[in-house]
Amino acid sequence: MSATIYTASELKDRRTEILEVARRGRAIVRAVDGTALVFTPLDTVQRSESVAQWAIALHGVARGRTPGEFNWLRHLEGDDRAEFLDEAINVLEDVAAGGSLESFEELVSAWRVTALAVADVARREVLLGVVSATDFVDAQRPGTAS
Amino acid sequence: MAGAYSPFEPAARPGTSPTEKPRYRVLVHRRFSELWNELANRVGLASPQQFYDHVSTNPGQPPPVNSATILRGKAGAPKFEGSSRTIHYEISGAGRINYQFANEFTGGLHGDPHRVVFILAIDFDSH
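Those protein sequence lines, which keep their order, are chains A and E. No gaps in the numbering here: position 96 of the first sequence is 96 in our numbering, and each next residue is one more. Quick note, our numbering runs 146 ahead of the 1-based positions in the second sequence.
So here's chain A without its partners, still in its complex pose:
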């Protein structure tokens, strides 16, 4: 990614320009000791940090581990875990390319809800098993005298 590089002394006279450049992407200011400092929107930094953290966690899942934030994955069967991993990596790649982190968080949340829905034996058997119409009975509106 290209970026305009400014000197520390330009921070005073060209601050409006530097802030505008930073707002559009990133502006680099070279400190007197040569250290490069980056000015960029906070969202960009937070997204990058989140992508890195999630990527490490997903890498752990891919290697058969269950990191704490994915503890709920133990309720999913192997092919569902694989499907989760595939979808999560695809969406995270989109986020890394500038997409919204929200889409990744929504995906993880939906899979977490799914895993917890099948965490119980009875729910698992119905949600993952075969059902027929004769397995069902009428449900009265709550509060209706039967």
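Errors might be hidden in some of the hints.
Facing chain A, a subset of chain E residues (Cβ under 8 Å, in silico) [what the hints assert, rightly or not]:
hint : residue
1    : 220
2    : 222
3    : 271
By construction, these hints were calculated from the structure, which means they are not laboratory data. Glycine included, C-beta positions come from ideal geometry on N, C-alpha and C.
Given the coordinates of chain A, assemble chain E onto it according to the supplied hints.
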């Protein structure tokens, strides 16, 4: 009293005062019918009635109150020909209902297609 599902029998008139006339017949899996009957005792009457009124009229729409998520993977797969994926409805902080709906359900028979909501599972686990 709840009886076995028969697609040719009219549904019992549900509700005491729903705000809209039900368009879908609501069924619950036998394994969770007891929990269904306990809903009001567990979470109060308002939330279960809101759930019922929502799924019996617009089960495919986002609920006006509470939240819903479409389950992923195999747990979300349609159970019947033409039925929706599984929708996970948070009835309260402590209660969740998983259901599917079908707009033209015949039960595999040659009856008239009708609208049905299938409540597959209910849980009150603390997540």
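Hints versus structure:
1. Because the beta carbon of residue 220 of chain E sits about 6 Å from the nearest beta carbon in chain A, less than 8 Å, this interface hint is met.
2. At its closest, the beta carbon of residue 222 of chain E sits 7 Å from a beta carbon of chain A; the interface hint therefore holds under the 8 Å criterion.
3. Satisfaction of the interface hint for residue 271 of chain E is found here, the shortest Cβ-Cβ separation to chain A being roughly 7 Å, below the 8 Å cut-off.
Every hint, counting from the list given before, is met by this structure.
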